[in-house]
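Peer 1: Letter by letter, the chains look like this.
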Amino acid sequence: MDANASARLKKRGSAWALNVALFISMLIICLPGLWIVLNSLRPTVEIMAKPPVWIPRELSFDAYVDMFSGVGQGGIPVIAYFRNSVIIAVTSTVISLAIGMSGGYAFARYRFKGKSAWFLGLMLTRTVPGIALSLPLFFLYAKVGLIDTHAGMIIAYTALNVPFTIWLIDGFFRQVPRDLAEAAQIDGCTRWQAFWQVEFPLARPGIASAGIFAFLTSWNEFALASQLTRSTDSKTLPVGLLDYTAEFTIDWRGMCALAVVMIIPALLLTYAVQKHLVSGLTSGAIKG
Amino acid sequence: MKASRLPPHIMLLLPAVIVLAAVVVLPLLLSLWSSFTPFRLTKPESVYQFIGIRNYQRIFTDLDFWIAFGRTVLLLTVALNLEMLIGLGLALLVDRQTRGQRLLRTLLMFPMMFSPILVGFQFKFMFNDNVGLVNNALQSLGLTDKAIPWLIDGKLAFLAIAAAEIWSSTAVFAIFILAGLMAMPRDPQEAARVDGCTPWQTFRYVTWPFLMPFAFIAMTIRSLDVARAYDIIKIMTDGGPAGRTEVLWTLIARTAYSDARMGMANAMAYVAILLSVAFTAYFFSKLGKARAQVAGDW
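Residue numbers (the numbering used here), protein chains in the order written: chain X, 1 to 288; chain C, 1 to 298.
Keep in mind that the hints were calculated from the coordinates and are not lab data.
A couple of the hints might just be wrong.
Claimed, not checked - Derived DSSO-like pairs: lysine-lysine, alpha-carbon spacing no greater than 30 Å straight-line:
id, chain 1, residue 1, chain 2, residue 2
1, C, K286, X, K113
2, C, K289, X, K115
3, C, K43, X, K143
4, C, K289, X, K113
5, X, K115, C, K286
Said to hold, decoys possible - FRET-style restraints, in silico, Cβ to Cβ:
id, chain 1, residue 1, chain 2, residue 2, range
6, C, G154, X, L27, 23 to 31 Å
7, C, M184, X, V144, 32 to 40 Å
8, X, V65, C, A260, 38 to 46 Å
9, X, L31, C, W200, 26 to 34 Å
10, X, Q175, C, G196, 36 to 44 Å
Even glycine gets a Cβ: it sits at the ideal position worked out from N, Cα and C.
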């Protein structure tokens, strides 16, 4: 075989190997999710079977029917949890976006003393681990009666999200040229109008990606929620997952079904804005 | 209307500062105070009893605490480094695909949507010694005939936790590095190849310096919530078996809520907070430098 042919063969071989590697890693990424969906659809006997049943013999939506059939019939108050999760996540996302926009705008457009120190200070509040925060927050909330309320959770999540939204939105406003708003003001806009008519639309993709991150954080948070919620008044879905665990046993099927219910809104939302998400995130963070 | 006379940047920052002061700074001050008291939840009046730094002294001689501390640092080091390497590998693999890149990118982001607690349950299920996917697969393939006690043996449990952690967070690195690859001009790479660089040299001296800032952004974002691992560990092993996977956060939660020793737990929490702050401050300073470099290039 001449050198050319062997080099070509080698190249083709390595390309093939890399494709296989990519396929396997994608499989590893997706498998846990598919495994959950599959197990939510099959009867417990089959999940527990020894030797394992690989190809499901019967599929049914029983787990979902049970889940929604209410407390007492093997169900959990999933509708209440879902409602709490939606209310808490959406409200705190909206509030933290509003606060993040005003804070990010301040960092992007004004010069003031100690700016970078303020910025770092705000960021560092985010590093406090949820569990370390939950101890004193629990105590404080108990004093003012915010334990087990929507308001309490919304305030906590807003604080959790504000540093990150400020960071991202700051980066985006910096990318919008200052001249545009100034031109609008010369043409007779007030500063407020210039912001809403010119700067806000241009920074919108970035604000959307900050919103997704805020939403996902609130939707998925557990450490704080597990301590600050008590009943169906404010328990969120992540805390609700624990309803399927008993002292020594776990109802895997029911839990898988609830997991699917939990992941679908996050999936839909992320898919809807996925185009802006990556570009938004990187350019927002890198040019900040 | 005295408030309106404040400079606008203060007005704009005020909401953020108020919220963070109320929900983060004030509770932290409270917990700082209580870390100097023998405060127990069952004895509310004990919060007024000042004992100086006795809690901290006790921590410094507490072997369990330092083992948990070391394990936390080990877990973070192992997980973050592997996440970075695997993320880099994934990004390079996806980047060389010419078709279906959008689909691959969407799939890459899939684990980011999973709640950490969900990841915990999922991997607890998969690593279950009796009905889990991993053992089932190993047994069906005939690689082992007995069930491997993944979550029951201390070392294996640590591996399983690291696997869960890596699965859930590698996406952050992969996506940022991929974004970097896509933004990168191709000419320098080709010039390097023409000048006779090996593929490794091209990567090491041309591609990687360009990607570094992107990797640091991912690191910074990850370091902002390294404590996410708490949820995963809490569900998978809850620090067990016999404390073999106890990390700082599970230890704090146990001391505070199961033993009700709030004062002690708050003292521990302060050590954990300092650890997180050190991580983040380090990566932020790195990010600043990397950013300056990229800004120069662009």
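Peer 1: Now tell me if each hint is right for this structure.
Peer 2: Evaluation of the provided hints:
For the proposed pair K286 of chain C and K113 of chain X, the alpha carbon gap of about 23 Å is at most 30 Å, so the pair holds. A threshold of 30 Å between alpha carbons decides the hint, and for K289 of chain C with K115 of chain X the separation of about 18 Å falls inside it, so the pair holds. A C-alpha spacing of about 15 Å is found between K43 of chain C and K143 of chain X, which places the hinted pair at or below 30 Å, so the restraint holds. Restraint check for K289 of chain C and K113 of chain X: the C-alpha separation of about 22 Å stays at or below 30 Å, so the hint holds.
This hinted pair checks out: K115 of chain X and K286 of chain C have alpha carbons roughly 19 Å apart, not beyond 30 Å. One distance hint, 23 to 31 Å for the beta-carbon pair G154 of chain C and L27 of chain X, holds here, with the actual separation near 29 Å. Checked against the given bound of 32 to 40 Å, the beta carbons of M184 of chain C and V144 of chain X, roughly 52 Å apart, lie outside it. V65 of chain X and A260 of chain C have their C-beta atoms about 41 Å apart, which keeps the hinted 38 to 46 Å range intact.
A C-beta distance of roughly 31 Å is found between L31 of chain X and W200 of chain C, which places it inside the suggested range of 26 to 34 Å. The hinted range of 36 to 44 Å is satisfied by Q175 of chain X and G196 of chain C, whose Cβ atoms lie roughly 39 Å apart.
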